[in-house]
Amino acid sequence: MTFAGNPNDIYKIEIPVDDEKCKNLLTKFDCIFKDKDKTIIGHNIKTIISFLAKYDIEIENKLWDNMIAHYLIEPELNHSLDYLSDIYAKDSSDINWQLYDKFKTSLSENNLENLFYDIEMPLVKVLADMESNGVKIDIEGLKQISEEQSKEIAGIENSIYEIAGTSFNIGSPKQLGEILFEKLNIKAPAKKTKTGQYPTGEDVLQKIINENPIVQHILDYRSLTKLKSTYVDALPSLVSHRDGLIHTSFNQAVTATGRLSSNNPNLQNIPVRTEKGREIRKAFVPRDENHILLAADYSQIELRIIAHLSGDQAMLSAFRNGLDVHTDTAARVYGVDIKDVTSEMRRNAKAVNFGIIYGMSAFGLAERLKISRSEASEIIKNYKKEYPGIQEYIDKQVAFAKEYGYVETMLGRRRYLRDINSGNSVVRNFAERNAINAPIQGSSADMIKIAMKDIHNEMKLKDLKSKMILQVHDELVFDVYKDELDVLSELVKDKMINALQLEVPIIVNINTGNNWLEAH
DNA sequence: ATAAGCACGC
DNA sequence: GACGTACGTGCTTATA
0 MTFAGNPNDI YKIEIPVDDE KCKNLLTKFD CIFKDKDKTI IGHNIKTIIS FLAKYDIEIE
60 NKLWDNMIAH YLIEPELNHS LDYLSDIYAK DSSDINWQLY DKFKTSLSEN NLENLFYDIE
120 MPLVKVLADM ESNGVKIDIE GLKQISEEQS KEIAGIENSI YEIAGTSFNI GSPKQLGEIL
180 FEKLNIKAPA KKTKTGQYPT GEDVLQKIIN ENPIVQHILD YRSLTKLKST YVDALPSLVS
240 HRDGLIHTSF NQAVTATGRL SSNNPNLQNI PVRTEKGREI RKAFVPRDEN HILLAADYSQ
300 IELRIIAHLS GDQAMLSAFR NGLDVHTDTA ARVYGVDIKD VTSEMRRNAK AVNFGIIYGM
360 SAFGLAERLK ISRSEASEII KNYKKEYPGI QEYIDKQVAF AKEYGYVETM LGRRRYLRDI
420 NSGNSVVRNF AERNAINAPI QGSSADMIKI AMKDIHNEMK LKDLKSKMIL QVHDELVFDV
480 YKDELDVLSE LVKDKMINAL QLEVPIIVNI NTGNNWLEAH
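End of the first sequence sits at 519 in numbering that gives the first Met the number 0; the numbers just go up one at a time, nothing left out.
No lab work stands behind these hints, which were simulated from the structure alone.
Computed spacing ranges between beta-carbons, pair by pair:
1) E19 with T104: 41 to 47 Å
2) K225 with I337: 36 to 42 Å
3) D339 with Q500: 32 to 38 Å
4) K380 with D232: 46 to 52 Å
5) G170 with E210: 18 to 24 Å
6) I337 with N497: 28 to 34 Å
7) D29 with K464: 24 to 30 Å
8) L218 with I337: 33 to 39 Å
9) N209 with E146: 32 to 38 Å
10) N497 with D85: 41 to 47 Å
11) N289 with K380: 53 to 59 Å
Ideal placement from N, C-alpha and C gives every residue a C-beta, glycine not left out.
From just these sequences and the hints, can you work out the full model?
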């Protein structure tokens with residue numbers, strides 16, 4: 000452990016391997032760690048907090064994390080200490096002091112101080128707690144699923160080899176492409192991948208699904224082996240020997256937009272879409288019989304944010320009147336009464352609403368909905384007419400980016416768009432889509448981060464036994480001590496709803512269950 | 001060790 | 001004529 004009370008006064012302390020001795024030594028630093036007026040300046044402080052937490056030591060200092068400061072200043076650059084010292088300080092032993100001086104100025108100049116002091120720094124401790132809390136999984140349940148999957152995969156392999164007339168490695172896109180488009184003579188897609196292979200992604204296979212029964216088997220094989228290798232077999236191996244729980248890492252300085260990411264393992268992409276995928280979600284369970292899982296998720300948060308940011312009257316009134324927004328959109332773009340909206344019209348309208356958030360083209364919409372390009376253009380034309388405020392907002396964002404070189408979220412989190420004036424239309428269009436999406440996705444990230452901080456504070460004040468365990472972008476998951484269910488539900492709902500005031504109501508759905516699927 | 005292709009989430 | 005929807009993580013295969 001290295002300390003520097005000022006830039007020229009550096010101390011290094013060797014940490015004993017033995018747990019008891021280590022704790023004794025670290026406890027002697029309580030005079031520093033419990034001093035609320037002192038600031039701990041470091042790089043990736045969460046690792047220090049987590050390390051000390053293993054010895055029941057909590058630091059009560061103010062925090063300054065250079066990794067996160069730099070993430071706010073330049074979200075898309077590298078934030079490793081190696082890189083920062085190369086760029087800003089040339090590898091000296093008081094590197095964190097030097098970075099502190101430089102970044103303090105930059106944060107101030109870019110109006111990022113509130114985001115840093117009031118949201119990101121408090122969140123460091125929240126994430127450390129969530130990681131340390133951990134999640135219980137039903138290992139026996141997963142083992143059983145794994146065995147059933149092995150049998151099913153073997154059966155599918157046999158069917159595929161029989162149709163192909165030969166055995167080959169189905170997991171190799173290269174070999175698979177040759178079997179499908181050469182041996183079996185299925186009509187090949189118009190163009191190959193950049194490495195000269197036949198593309199065999201899901202969208203490609205869906206287009207030839209009626210050509211040969213082997214195609215459905217391939218899709219089944221792909222989804223099953225994905226679930227087995229990434230989740231069913233991998234998760235049990237990541238259970239901690241210390242407490243029998245899974246401890247993910249939440250990364251606070253990775254995404255370009257301000258979202259968190261999760262790895263080792265990634266618990267933000269646990270399957271939910273398909274029936275077989277949902278079986279995996281069932282294996283996420285409360286830590287013991289005194290607990291129950293609670294999931295709280297924001298309803299349509301990104302669309303509510305675009306309604307707020309754009310001020311579009313039609314979108315605002317849909318949310319204010321508590322309408323199903325996709326049904327309302329369908330009624331508008333198809334020019335029918337709400338009661339006459341078919342499920343297909345609603346499905347298409349939903350795709351358009353999402354497409355707006357991502358900056359989709361008529362071609363993209365047509366591909367996605369399997370409708371003609373002219374039909375897609377018609378829908379988009381009507382959409383722009385019905386929601387003029389949204390089109391104005393999009394134009395305004397792109398114009399701002401072209402003038403200033405960045406866009407920002409509701410709380411001033413920036414994303415720089417250096418290609419926004421590029422002469423290459425491909426890279427320029429990409430930057431324009433980012434100019435539309437980043438403020439929406441990023442404001443949603445700002446909002447849930449505020450809620451997490453507020454919930455964490457309140458849980459600590461009330462000394463609750465329940466634990467916040469996961470964040471999945473618009474959802475928070477808690478392992479709730481059953482006696483606290485009512486008080487925690489109220490608390491979570493209140494803090495999520497009131498994190499940021501928008502021009503539309505915020506809706507939070509809460510459910511509980513004896514596994515993560517049930518809690519949804 | 002790294003890139004490509006693919007598939008999972010929001 | 002090419003391009004065609006944002007943000008991530010991680011698996012297997014193929015290659016250096």
